[in-house]
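Asks: These protein sequence lines are chains A and B, in that order. Numbering-wise, the first sequence is residues 1 to 287 according to the numbering used here. Numbering-wise, the second sequence is residues 1 to 287 according to the numbering used here.
Any given hint could turn out to be false.
Unchecked claim - Computed spacing ranges between beta-carbons, pair by pair:
{"#": "1", "chain 1": "B", "residue 1": "Ala232", "chain 2": "A", "residue 2": "Gln220", "range": "28 to 34 Å"}
{"#": "2", "chain 1": "B", "residue 1": "Ala224", "chain 2": "A", "residue 2": "Thr148", "range": "32 to 38 Å"}
{"#": "3", "chain 1": "B", "residue 1": "Thr210", "chain 2": "A", "residue 2": "Ala144", "range": "27 to 33 Å"}
{"#": "4", "chain 1": "B", "residue 1": "Lys27", "chain 2": "A", "residue 2": "Arg28", "range": "55 to 61 Å"}
{"#": "5", "chain 1": "B", "residue 1": "Pro142", "chain 2": "A", "residue 2": "Gln253", "range": "40 to 46 Å"}
{"#": "6", "chain 1": "A", "residue 1": "Asp207", "chain 2": "B", "residue 2": "Gln113", "range": "54 to 60 Å"}
{"#": "7", "chain 1": "A", "residue 1": "Ala46", "chain 2": "B", "residue 2": "Asp207", "range": "52 to 58 Å"}
{"#": "8", "chain 1": "A", "residue 1": "Thr143", "chain 2": "B", "residue 2": "Asn230", "range": "53 to 59 Å"}
{"#": "9", "chain 1": "A", "residue 1": "Leu227", "chain 2": "B", "residue 2": "Thr38", "range": "40 to 46 Å"}
Said to hold, decoys possible - Straight-line alpha carbon distances no greater than 20 Å define the calculated DMTMM-like cross-link-like pairs of lysine to aspartate or glutamate that follow:
{"#": "10", "chain 1": "B", "residue 1": "Lys27", "chain 2": "B", "residue 2": "Asp102"}
{"#": "11", "chain 1": "B", "residue 1": "Lys158", "chain 2": "A", "residue 2": "Glu51"}
{"#": "12", "chain 1": "B", "residue 1": "Lys31", "chain 2": "B", "residue 2": "Asp48"}
{"#": "13", "chain 1": "B", "residue 1": "Lys27", "chain 2": "B", "residue 2": "Glu78"}
{"#": "14", "chain 1": "A", "residue 1": "Lys31", "chain 2": "A", "residue 2": "Glu78"}
{"#": "15", "chain 1": "B", "residue 1": "Lys158", "chain 2": "A", "residue 2": "Glu154"}
{"#": "16", "chain 1": "A", "residue 1": "Lys158", "chain 2": "B", "residue 2": "Asp215"}
{"#": "17", "chain 1": "A", "residue 1": "Lys158", "chain 2": "A", "residue 2": "Glu147"}
{"#": "18", "chain 1": "A", "residue 1": "Lys27", "chain 2": "A", "residue 2": "Glu51"}
{"#": "19", "chain 1": "A", "residue 1": "Lys158", "chain 2": "B", "residue 2": "Asp48"}
{"#": "20", "chain 1": "B", "residue 1": "Lys41", "chain 2": "B", "residue 2": "Asp58"}
{"#": "21", "chain 1": "A", "residue 1": "Lys31", "chain 2": "A", "residue 2": "Asp207"}
Worth flagging that the hints you see were computed from the coordinates, not collected in a lab. Glycine is no exception: its CB is placed at the ideal position from the N, C-alpha and C atoms.
The primary structure of each chain is shown beneath.
Number of protein chains: 2
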Amino acid sequence: MNTQTFPTIAVLGTGLIGAPVARNLHKRGFKVRAWNRTAGKAQALAADGVEACASPADAVQDADIIVTVLNDGRSVQEAMLAAAPALRQGAIWLQLSTVGVDAITSLADWAGQHGLVFYDAPVQGTRQPAEMAQLVVLASGPTAQRETVQAVFEAIGKRTLWVAEQPGASSRLKLALNNWAFALTHGLAESLALATGLGVDPALVVDVVTGGPMDSGYFQAKAAAILADNYATSFSIANAAKDARLVMDAAAQSGVRLDAAQAGLQRFERALAAGHGAKDMAASYLA
Amino acid sequence: MNTQTFPTIAVLGTGLIGAPVARNLHKRGFKVRAWNRTAGKAQALAADGVEACASPADAVQDADIIVTVLNDGRSVQEAMLAAAPALRQGAIWLQLSTVGVDAITSLADWAGQHGLVFYDAPVQGTRQPAEMAQLVVLASGPTAQRETVQAVFEAIGKRTLWVAEQPGASSRLKLALNNWAFALTHGLAESLALATGLGVDPALVVDVVTGGPMDSGYFQAKAAAILADNYATSFSIANAAKDARLVMDAAAQSGVRLDAAQAGLQRFERALAAGHGAKDMAASYLA
Numbered sequence: 001m002n003t004q005t006f007p008t009i010a011v012l013g014t015g016l017i018g019a020p021v022a023r024n025l026h027k028r029g030f031k032v033r034a035w036n037r038t039a040g041k042a043q044a045l046a047a048d049g050v051e052a053c054a055s056p057a058d059a060v061q062d063a064d065i066i067v068t069v070l071n072d073g074r075s076v077q078e079a080m081l082a083a084a085p086a087l088r089q090g091a092i093w094l095q096l097s098t099v100g101v102d103a104i105t106s107l108a109d110w111a112g113q114h115g116l117v118f119y120d121a122p123v124q125g126t127r128q129p130a131e132m133a134q135l136v137v138l139a140s141g142p143t144a145q146r147e148t149v150q151a152v153f154e155a156i157g158k159r160t161l162w163v164a165e166q167p168g169a170s171s172r173l174k175l176a177l178n179n180w181a182f183a184l185t186h187g188l189a190e191s192l193a194l195a196t197g198l199g200v201d202p203a204l205v206v207d208v209v210t211g212g213p214m215d216s217g218y219f220q221a222k223a224a225a226i227l228a229d230n231y232a233t234s235f236s237i238a239n240a241a242k243d244a245r246l247v248m249d250a251a252a253q254s255g256v257r258l259d260a261a262q263a264g265l266q267r268f269e270r271a272l273a274a275g276h277g278a279k280d281m282a283a284s285y286l287a
Numbered sequence: 001m002n003t004q005t006f007p008t009i010a011v012l013g014t015g016l017i018g019a020p021v022a023r024n025l026h027k028r029g030f031k032v033r034a035w036n037r038t039a040g041k042a043q044a045l046a047a048d049g050v051e052a053c054a055s056p057a058d059a060v061q062d063a064d065i066i067v068t069v070l071n072d073g074r075s076v077q078e079a080m081l082a083a084a085p086a087l088r089q090g091a092i093w094l095q096l097s098t099v100g101v102d103a104i105t106s107l108a109d110w111a112g113q114h115g116l117v118f119y120d121a122p123v124q125g126t127r128q129p130a131e132m133a134q135l136v137v138l139a140s141g142p143t144a145q146r147e148t149v150q151a152v153f154e155a156i157g158k159r160t161l162w163v164a165e166q167p168g169a170s171s172r173l174k175l176a177l178n179n180w181a182f183a184l185t186h187g188l189a190e191s192l193a194l195a196t197g198l199g200v201d202p203a204l205v206v207d208v209v210t211g212g213p214m215d216s217g218y219f220q221a222k223a224a225a226i227l228a229d230n231y232a233t234s235f236s237i238a239n240a241a242k243d244a245r246l247v248m249d250a251a252a253q254s255g256v257r258l259d260a261a262q263a264g265l266q267r268f269e270r271a272l273a274a275g276h277g278a279k280d281m282a283a284s285y286l287a
């Protein structure tokens with residue numbers, strides 16, 4: 001393939017998802033430049049052929065496509081403000097971070113004002129699917145440049161679901177999906193905590209559920225983590241609390257009453273206050 | 001097989017689970033006599049070879065094994081009090097109802113006082129698994145008569161898990177399992193409600209989850225019910241509210257904090273107050 005057809009991509013944010021995204025883009029032949037607030041995380045990608053940049057502006061210089069994979073809307077906005085002087089008119093911005101309903105609207109507006117083609121594209125999947133290029137990309141944005149965009153998504157994911165032409169719909173869908181992940185996490189944590197509290201071996205809960213209609217890969221993975229007291233992070237408590245707050249903000253704005261989600265947020269907040277922020281969200285069990 | 005080896009079984013309670021249990025016991029060769037508070041439900045089983053009895057005492061007369069499948073601890077206690085004059089010393093009592101921690105203790109005590117061999121044996125599975133003899137029996141009770149008991153369980157379920165020799169452990173495990181079912185239900189209901197409230201097609205939530213780690217047979221079944229607005233009952237809101245209260249009672253007694261379960265109970269109570277008590281618990285979506 002002609003190198004002309006491989007655009008240069010700037011990846012802003014190289015955390016649990018951003019780092020494997022950058023690596024997978026390079027593997028697929030893209031020229032990848034990465035920036036991360038904690039510089040070491042971007043520099044660690046040099047061995048994988050990713051060029052570490054000292055600032056967002058350095059990263060987006062000459063980039064045809066900008067990918068943001070940051071913690072929240074504010075981080076994304078700050079990185080893009082820092083990148084602004086070096087942005088090329090007409091560049092494509094793929095916004096993968098989970099930022100919620102309000103932030104996605106202002107980011108899309110900002111993109112328009114700076115002549116960028118904006119795609120609202122949060123991803124479904126955590127560390128492991130990201131590493132295996134098995135994310136599901138929930139994409140909303142203009143049809144015009146979808147061919148270019150699709151090639152990027154195919155390098156990082158197993159599937160791209162086109163949700164809408166207007167940005168925003170993907171971020172809203174993402175909140176509903178995250179809410180499902182949180183509900184599974186808290187439900188499992190509480191069920192195992194209840195068994196333990198009642199003097200029943202919590203492994204029996206897993207035993208009975210296994211192979212039945214209530215079983216899932218997610219159930220197995222998180223149950224194993226809790227039973228082994230191993231909270232290696234796929235999705236941190238801190239990040240989950242942030243996203244659960246976005247869920248509650250969206251629910252309040254749309255007039256939807258989410259009792260269990262509100263209670264789950266309390267668990268995340270309590271786990272956070274107890275110092276479990278960096279642990280996997282299965283540490284809801286410790287709340 | 002010699003008919004001597006097939007004990008006579010009295011089934012007290014022929015609701016969503018009790019009726020198929022009685023039918024499956026008869027299919028397997030047991031002589032089955034059934035009583036139900038609403039007599040019509042027991043009489044409807046005549047075509048399946050089950051003898052309908054007018055009172056608990058009539059049903060347990062000459063029965064070697066008594067099976068209770070009733071709504072709650074109080075119903076079980078009332079039925080057994082009514083049956084008491086006709087109970088045979090040494091008869092086996094298989095208690096399948098979900099009655100919670102306190103009630104199972106008093107039922108076991110009562111059984112001891114009346115010379116019955118008591119098994120705490122709640123079942124995992126709702127209407128459909130019951131009809132297909134695919135329940136999972138969570139059994140606690142003395143080893144002495146397990147061979148006889150196991151033959152009964154094999155007629156109604158796909159698996160018997162022996163939990164403990166002392167009754168109580170099974171009922172406690174059952175609460176943790178029901179809590180998982182409730183958490184799945186509310187989590188799904190809230191996730192689909194949030195999508196809808198945010199103007200996103202809730203079918204997209206199902207679409208993205210399908211085939212991934214958060215997918216399950218339970219997720220698919222309840223999501224389909226909600227999307228079709230079809231609340232045909234596998235597990236009624238009224239029954240779920242009752243069991244969720246038992247979960248919270250058990251949590252309070254054991255000092256376990258269940259935020260999400262408490263919030264879920266609120267949803268069930270609200271659905272109940274809105275007149276959805278007879279609908280399937282997927283009607284948490286309507287709360």
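Asks: Taking the hints in turn, state whether each one holds.
Replies: Hint check:
1. Ala232(B) x Gln220(A): 28 to 34 Å: Since the Cβ atoms of alanine 232(B) and glutamine 220(A) sit about 30 Å apart, the hinted range of 28 to 34 Å holds.
2. Ala224(B) x Thr148(A): 32 to 38 Å: 37 Å Cβ-Cβ, so the 32 to 38 Å window holds.
3. Thr210(B) x Ala144(A): 27 to 33 Å: holds, 30 Å
4. Lys27(B) x Arg28(A): 55 to 61 Å: holds, 59 Å
5. Pro142(B) x Gln253(A): 40 to 46 Å: violated, 58 Å
6. Asp207(A) x Gln113(B): 54 to 60 Å: violated, 33 Å
7. Ala46(A) x Asp207(B): 52 to 58 Å: violated, 38 Å
8. Thr143(A) x Asn230(B): 53 to 59 Å: violated, 36 Å
9. Leu227(A) x Thr38(B): 40 to 46 Å: holds, 43 Å
10. Lys27(B) x Asp102(B): At roughly 34 Å apart (the allowed maximum being 20 Å), aspartate 102(B) and lysine 27(B) break the hint.
11. Lys158(B) x Glu51(A): violated, 58 Å
12. Lys31(B) x Asp48(B): Since the Cα atoms of lysine 31(B) and aspartate 48(B) sit roughly 11 Å apart, the hinted pair holds (cutoff 20 Å).
13. Lys27(B) x Glu78(B): Status violated; Cα separation ~28 Å.
14. Lys31(A) x Glu78(A): Distance of about 24 Å is beyond 20 Å: violated.
15. Lys158(B) x Glu154(A): Measuring from Cα to Cα gives roughly 43 Å; hence the hint is violated.
16. Lys158(A) x Asp215(B): Satisfied, since the Cα-Cα distance of roughly 16 Å is no more than 20 Å.
17. Lys158(A) x Glu147(A): holds, 16 Å
18. Lys27(A) x Glu51(A): holds, 13 Å
19. Lys158(A) x Asp48(B): Judged against 20 Å, a Cα distance of about 51 Å means the pair is violated.
20. Lys41(B) x Asp58(B): Within the cut-off at roughly 16 Å; holds.
21. Lys31(A) x Asp207(A): Violated: lysine 31(A) and aspartate 207(A) sit about 48 Å apart, past 20 Å.
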